[in-house]
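Enquirer: Here are the chains, one letter per residue:
2 protein chains.
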Amino acid sequence: MAHPISPLAPPTFPTLPPVKGVRLASAAAGIRYKDRVDVLVAEMVQGTTVGGVVTKSLTAAAPVDLCKANMKGGKARVLVVNAGNANAFTGQKGISAVEATVSAAARIFNCKRNEVFVSSTGTIGVPLPAEKITDVMPAINAALKEDDWTNAAKAIMTTDTFAKAATRTATIDGVPVTINGICKGSGMVAPDMATMLAYVFTDAALEAGAVQTLITAGANKSFNCVTVDGDTSTSDTLLMFATCQAKHRFVSSAVDPRLTEFRAKLDDLLIDLAKQVARDGEGATKFVEIRLTGADNDIAARRIAMSIANSPLVKTAIAGEDANWGRIVMAVGKAGEKANRDRLAITIGGVQVALAGEAVPGYDETPVTAHMKGKEILIEVDVGIGRGAAIVWTCDLTHGYIDINGSYRT
Amino acid sequence: MAHPISPLAPPTFPTLPPVKGVRLASAAAGIRYKDRVDVLVAEMVQGTTVGGVVTKSLTAAAPVDLCKANMKGGKARVLVVNAGNANAFTGQKGISAVEATVSAAARIFNCKRNEVFVSSTGTIGVPLPAEKITDVMPAINAALKEDDWTNAAKAIMTTDTFAKAATRTATIDGVPVTINGICKGSGMVAPDMATMLAYVFTDAALEAGAVQTLITAGANKSFNCVTVDGDTSTSDTLLMFATCQAKHRFVSSAVDPRLTEFRAKLDDLLIDLAKQVARDGEGATKFVEIRLTGADNDIAARRIAMSIANSPLVKTAIAGEDANWGRIVMAVGKAGEKANRDRLAITIGGVQVALAGEAVPGYDETPVTAHMKGKEILIEVDVGIGRGAAIVWTCDLTHGYIDINGSYRT
Numbered sequence: 001m002a003h004p005i006s007p008l009a010p011p012t013f014p015t016l017p018p019v020k021g022v023r024l025a026s027a028a029a030g031i032r033y034k035d036r037v038d039v040l041v042a043e044m045v046q047g048t049t050v051g052g053v054v055t056k057s058l059t060a061a062a063p064v065d066l067c068k069a070n071m072k073g074g075k076a077r078v079l080v081v082n083a084g085n086a087n088a089f090t091g092q093k094g095i096s097a098v099e100a101t102v103s104a105a106a107r108i109f110n111c112k113r114n115e116v117f118v119s120s121t122g123t124i125g126v127p128l129p130a131e132k133i134t135d136v137m138p139a140i141n142a143a144l145k146e147d148d149w150t151n152a153a154k155a156i157m158t159t160d161t162f163a164k165a166a167t168r169t170a171t172i173d174g175v176p177v178t179i180n181g182i183c184k185g186s187g188m189v190a191p192d193m194a195t196m197l198a199y200v201f202t203d204a205a206l207e208a209g210a211v212q213t214l215i216t217a218g219a220n221k222s223f224n225c226v227t228v229d230g231d232t233s234t235s236d237t238l239l240m241f242a243t244c245q246a247k248h249r250f251v252s253s254a255v256d257p258r259l260t261e262f263r264a265k266l267d268d269l270l271i272d273l274a275k276q277v278a279r280d281g282e283g284a285t286k287f288v289e290i291r292l293t294g295a296d297n298d299i300a301a302r303r304i305a306m307s308i309a310n311s312p313l314v315k316t317a318i319a320g321e322d323a324n325w326g327r328i329v330m331a332v333g334k335a336g337e338k339a340n341r342d343r344l345a346i347t348i349g350g351v352q353v354a355l356a357g358e359a360v361p362g363y364d365e366t367p368v369t370a371h372m373k374g375k376e377i378l379i380e381v382d383v384g385i386g387r388g389a390a391i392v393w394t395c396d397l398t399h400g401y402i403d404i405n406g407s408y409r410t
Numbered sequence: 001m002a003h004p005i006s007p008l009a010p011p012t013f014p015t016l017p018p019v020k021g022v023r024l025a026s027a028a029a030g031i032r033y034k035d036r037v038d039v040l041v042a043e044m045v046q047g048t049t050v051g052g053v054v055t056k057s058l059t060a061a062a063p064v065d066l067c068k069a070n071m072k073g074g075k076a077r078v079l080v081v082n083a084g085n086a087n088a089f090t091g092q093k094g095i096s097a098v099e100a101t102v103s104a105a106a107r108i109f110n111c112k113r114n115e116v117f118v119s120s121t122g123t124i125g126v127p128l129p130a131e132k133i134t135d136v137m138p139a140i141n142a143a144l145k146e147d148d149w150t151n152a153a154k155a156i157m158t159t160d161t162f163a164k165a166a167t168r169t170a171t172i173d174g175v176p177v178t179i180n181g182i183c184k185g186s187g188m189v190a191p192d193m194a195t196m197l198a199y200v201f202t203d204a205a206l207e208a209g210a211v212q213t214l215i216t217a218g219a220n221k222s223f224n225c226v227t228v229d230g231d232t233s234t235s236d237t238l239l240m241f242a243t244c245q246a247k248h249r250f251v252s253s254a255v256d257p258r259l260t261e262f263r264a265k266l267d268d269l270l271i272d273l274a275k276q277v278a279r280d281g282e283g284a285t286k287f288v289e290i291r292l293t294g295a296d297n298d299i300a301a302r303r304i305a306m307s308i309a310n311s312p313l314v315k316t317a318i319a320g321e322d323a324n325w326g327r328i329v330m331a332v333g334k335a336g337e338k339a340n341r342d343r344l345a346i347t348i349g350g351v352q353v354a355l356a357g358e359a360v361p362g363y364d365e366t367p368v369t370a371h372m373k374g375k376e377i378l379i380e381v382d383v384g385i386g387r388g389a390a391i392v393w394t395c396d397l398t399h400g401y402i403d404i405n406g407s408y409r410t
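As given, the protein sequences belong to chains A and B, one line each in that order.
Read in order, the letters of the first sequence are residues 1 to 410 in the working numbering.
Read in order, the letters of the second sequence are residues 1 to 410 in the working numbering.
Some clues are possibly wrong.
Treat identical chains as interchangeable: a pair holds within one or across any two.
Heads up, simulated DSS-like pairs for lysine-lysine below, C-alpha to C-alpha not over 30 Å straight-line [stated by the list, open to error]:
| # | residue 1 | residue 2 |
| --- | --- | --- |
| 1 | 338 | 56 |
| 2 | 75 | 247 |
| 3 | 338 | 68 |
| 4 | 221 | 338 |
Hints were generated in silico from the structure; no laboratory data involved.
Given the structure is predicted, the values throughout are model-derived calculations rather than measurements.
Looking at chain A on its own, in the form it has when it is part of the complex (with noise of 0.2 Å):
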């Protein structure tokens, strides 16, 4: 994609550690873009565990299937990931693609059928050619290594302007392990999940059960909390493994106190990644921190957060750089959750703009638009109810995206 790298995208890629158990590949199959990298092959040890969390969407594509039936059984040896065709909406092909590549990845990897995780990304409706995954695979298994995590992220991207990746360590027991990310997602991204792909890598000892735990408590804090248009993928797709190869005692429960720093680190990691695919909201040139307080109770919180996540009116005035906070009355009302009109108080940058119910007395614009012109903005609601309260990370809503998704196929 010919799109310039976001404004918001971080200085610069980061260092990932290899992690203990895990190797990985990538190749150029040539399914729907040219020159580059768009298949990624991630080969586990024996003994891997797996847990994850994919798409409510009712329409969900065929690989998110096979994900989600896998996962049951908490074991994983290969993760192949292909970008430029989601696989989804393909009908029987779409079954027979996902097939196609579990039983050559199988015969390759040495391993067991629901041992292997498939996810798709990219245009809708248009059938998989499976095979070009399938022949490039012999090539990724003798290419695998340790360390190549830069072409990983790069492998996963579509319409990304910058590859996504973050690490952490963390130590259990006081045995270091690590814990490595890579994600992709700028479009049709709202929760439920963000959309997009993210896997997590770590060598620490962990039953599934206590994974599948904590990647579904991080989701919840970290890609639920993203949206870029409100639009939910139909691929989404979050998977973490365990390869287990760290040489603490296994710990069987997420609620283990020895995972107490674990469960920081991997919370921060996965908030990393989430507000990198808000950096990289297609045409996004602000990113933008909603924080919802006086709610209800979290849920309602987080629904009213998202409504003026969402708004188109909220997100072009921050575009233009306008403070026009009666838009955040606005999508505060239409949000369909308890909210007291007159007890309301919005704070920009820092600012008080209004309070129970109205503009502030004396409400001086100027610090405020100096704070719409800056790349990062803030905005905190207090809707006056309750103690409920949410993050939510979002962008602005630019030509840029009507550029990009007007003329997505071409």
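Use these hints to put chain B onto chain A, whose structure you have.
Expert: Okay, now just chain B, sitting in the frame of chain A:
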């Protein structure tokens, strides 16, 4: 507003006959706009009944509260509407501005305070200088005419690029009656209610309860089927006034068989007005009709159709004349209502695109692409569950929307 007239505008403004018992006049009060009419007053004869529907927003504007309260009385004598300032989220000042307007209108037009209806549309959060409205009232009173519908429709415009009106005639008991309607709205348009102000005037002799039932049912088939951007206004108001001047016997029930033709004509007029709103969607270049069938029930059908109509990805694809029907699948999937992925069928411009959960065999995009280049786009979706059906009207999402809304207040 310097925006060019929508390419989807009707070729001419309709000629509206007088409605016996209604007189209108408009004035340029300079509330926000220069050199144009921005205040409308409609005076109705004694005995006029009223019913209406207002926004479900929890942050509704002060004039909405007034309309809700006064509708209970069922009687109307004066309607005052201003454009340029919504008098929303203006706290006690907003209530005072409404009270000042009501008091002046009751005095000048010699009626009760609870027979005055007020609407305001425009920027949110800015105190409304009510004296600008009350100052022009005596001149308006002197200028009242039976046939000034064109200025009436113009006076209530904000970002609208054309004035919106419609007229119908019907007979009740063999007596001809007139139904005239004017409305405004082009952004912040989504059901419950579509953002808009809309006023219907008829000389039919209807009790207030009948008016209320008729307009509620009509709104549900018209304005509640329109969306531009999914944003819901704090000011949406639809009122219907019946002057009871026609010489048929009084009708007290909306289901009275004598109203069969009247109901049909009223619904038709409301649909006409609602479609004009979609045709003037901010930045619109395509008018889109979405026909949803096969849902669990009609409410589910509406919700899925709205999910398609509000999807930024669907709307930008339409703007780009791209028959990217995969995004329709996505929008069905995210709607949260039952849909059978493997029975889903999609038709665009009458051409079957997808059937039984995948592209039709030998799908030829040529005729669909030709349809996408037109100004009127028809999308038909069957979700394969039950017999629920709905129709929704919307428009595409273009650079024009960003232009208009990124700089609304400047």
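Enquirer: Hint by hint, say whether it matches the structure.
Expert: Structure-based check of all given hints:
1. 338 x 56: both (25 Å within a copy, 12 Å between copies)
2. 75 x 247: within (19 Å within a copy, 81 Å between copies)
3. 338 x 68: between (35 Å within a copy, 19 Å between copies)
4. 221 x 338: both (22 Å within a copy, 27 Å between copies)
Violation of the numbered hints given earlier is absent; every hint is satisfied by the structure.
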